[in-house]
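Whenever a hint applies, use it, and build me the whole structure from the sequences.
Going down the list, the protein sequences come from chains A and B. In terms of the working numbering, the first sequence has 364 at position 364, counting the first letter as 1, and numbering is strictly consecutive. In terms of the working numbering, the second sequence has 143 at position 143, counting the first letter as 1, and numbering is strictly consecutive.
Derived from the structure by calculation, the hints contain no laboratory data. Think of the CB as a built atom: it goes at the ideal place given N, C-alpha and C, for glycine as much as any other residue. One thing to keep in mind: the hints can contain errors.
Stated by the list, open to error - Straight-line alpha carbon distances no greater than 30 Å define the calculated BS3-like cross-link-like pairs of lysine-lysine that follow: (1) B:Lys39 <-> A:Lys226; (2) B:Lys39 <-> A:Lys228; (3) B:Lys39 <-> A:Lys334; (4) B:Lys226 <-> A:Lys167; (5) A:Lys112 <-> B:Lys97; (6) B:Lys146 <-> A:Lys190; (7) A:Lys167 <-> B:Lys40; (8) A:Lys228 <-> B:Lys97; (9) A:Lys334 <-> B:Lys40; (10) B:Lys226 <-> A:Lys363.
Claimed, not checked - According to the in silico footprint, chain B covers these stretches of chain A (three or more CB under 8 Å from chain B): (11) 237-244; (12) 298-307.
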Amino acid sequence: MAVHTEIFVCFLLTLGLLWFFYIFGKTFCQVVKMEQSCFLYIICGFFLYYSLFQFLAFPMILLQSSLSVLTIIWCVLLVLLLCVCIGAWHLVSKCDREKQLFSIKGKKFWKKERILQRIGFAVPILFLMYYVWNQNYWGWDSASYLGTISTVVDSDSMYTIHGESGKEMETIPMRYALSCFYMHSAVICKMTGISPEIWQKYAMAGLCVLLYGMLMYKLAQELFSKDKASTLLFVWVICTLNFFFVSEYSTAQFLLFRSYEAKGFCGNVIFPAILLALLWIHRHPENLWNYKYLFLVMVGTVPISMSAILIAPVLVVIGCGAHILTTKCYKEIKYVLCCLLPGILYLLLYYLYTVGIFVIHVKR
Amino acid sequence: MRNVNSVFEMIIKYCSGFKIPLLFLLCMLFLFWWNRKNKKELVYGFLMIALGILVVFNDFSYGLLGKLTDPATLYRFCWAVPVLAVIGYVCVKLVQKCNRKWQKAAFLLLFCFFLWKGFDTYLTSQKLLPADSLEKISAEVEDVGKIIQEHKQEEHPICVFDLELQMRIRVKEPDIVWCVPRSKYMYFIDNGFETGKYKYYARLVQAVNYGEEIPSRQLRRALKKKKVEFVVLKREYWREGYWEGVGATLVMGTENYLIYQFISEEINEQKTE
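Have a look at this one:
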């Protein structure tokens, strides 16, 4: 496939992914009766999508199934999940749906103010995307992660060959296998024949920037009480600031140069998503869905990035701890513990791996 | 992040200097002053900072966490601190304080000027201009991979490359196996070759990545020991008869690389049997 064609296919597939995120997120938001907004649908959908993929892919990695089997099952499951989501939508009252459709088609969508607002959001995000796509950072981690995808696609086996060096593995490396982020990319590459570096460096990097922009927008909406001008200004300022945080280790570096890596998503999507939840919990303690959203994010952290395995639970403990101590709402401790459960489970699995209990030998 | 012994050092290295932490600190002070009458927000802010320091950002926790996980990755805890969001929030708050439009515009211009003059930036013409190619790996890497595929004797040939090529080749040809692992390459980059450690890897890296002339016998022994089948050499490191003297055969070349195949006697014997 020519590189232009590959990039075009990547663009179409990213739109398809966003559509899946939207549908999954909308279903989640409606089920938990959360705030209804397009950005929130996509953010929630992103975490839900990767969590669901993890539920399927992780057991298959442990069973040492082939990537082809995972690809087929995931495609079938996606179709089934779509049907479930659409079925769930029908449960929402007809009246509500008509109201929503009317508001989108008839009144609000084509208002000049809304169009300007969309352009105001799109310009800095598109500039960030252009910048990110233009870079060609290549380090040892790039060799490792892209090598992993390439190896998995080529060998049709998951984590039985060391993705970085190409040597055969004795055991499944849980440090990487616990997070199925790169396996999802391998599924896409297997399905479409796109090269891993093109998929990661265009599609996933673009997705990371878009999600970052959406999260900053939602954060600003909360901080400035939905004042539209200030919200947009915040997005512009934050996009500008990223270009001035020059450091090898900063979130800005991971956004501008390494956004195709799981770590890029960790610093720029997972932590802002948790911070948004903490802000909601503190400012609107009356909303019960705050903790449901936080739970969803916490379920999705490790499937997206192993770097979050310890930091995300610590952040939740600090943020929720400060909130509970301030408001003295000690009954919320049980919700916090629920949100910490997925993180604790993954930490336990990883600990068992490091002490040599949870070790899976590769079958030859 | 290496060679860091305390949280303070980590933060300074994470921010690449004092400017960003100082600006963040000023913004935090401004926020506390701004919310001085809102007791609930003040207590929440103080508790967040106190818990953050108590749980993560102190030398004791730093040491403890370093034992639980790789100390080089502990800087990632800083990702959870919304440095840019706080600076951005204060900036927008100050814009909101301006009454007239020209004042807002002037403040923003001043802010941009302050950033431009006071901080390093990623906004350089080199990084902003469109890239020469949309490809992320050059066609030459693919060509080298194809040549190895065409001539290989083993299913997964072990190869030696220079650093640049090694990092890219397996994305295009995953059948290839690195001879020199990442950890060894990094060891040599950090410590040089004088330590005498990993002598076989050292000889290979010296010859292929730095173009040094290693005695033929020593190099041949390293190639045999590490079961190397292909050596991909930069054209600038080519020396007449040197690699042939080691026992390698020139297979093919690309614009910048020469591909040598090294078939050890054991493999030859196996083939004839």
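Status of the hints after comparison with the structure:
no., hint, verdict
1, B:Lys39 <-> A:Lys226, "23 Å, holds"
2, B:Lys39 <-> A:Lys228, "27 Å, holds"
3, B:Lys39 <-> A:Lys334, "26 Å, holds"
4, B:Lys226 <-> A:Lys167, "13 Å, holds"
5, A:Lys112 <-> B:Lys97, "27 Å, holds"
6, B:Lys146 <-> A:Lys190, "20 Å, holds"
7, A:Lys167 <-> B:Lys40, "57 Å, violated"
8, A:Lys228 <-> B:Lys97, "16 Å, holds"
9, A:Lys334 <-> B:Lys40, "22 Å, holds"
10, B:Lys226 <-> A:Lys363, "25 Å, holds"
11, 237-244, "holds (count 7)"
12, 298-307, "violated (count 1)"
Checked against the numbered hints given earlier, this structure breaks hints 7 and 12; the rest are met.
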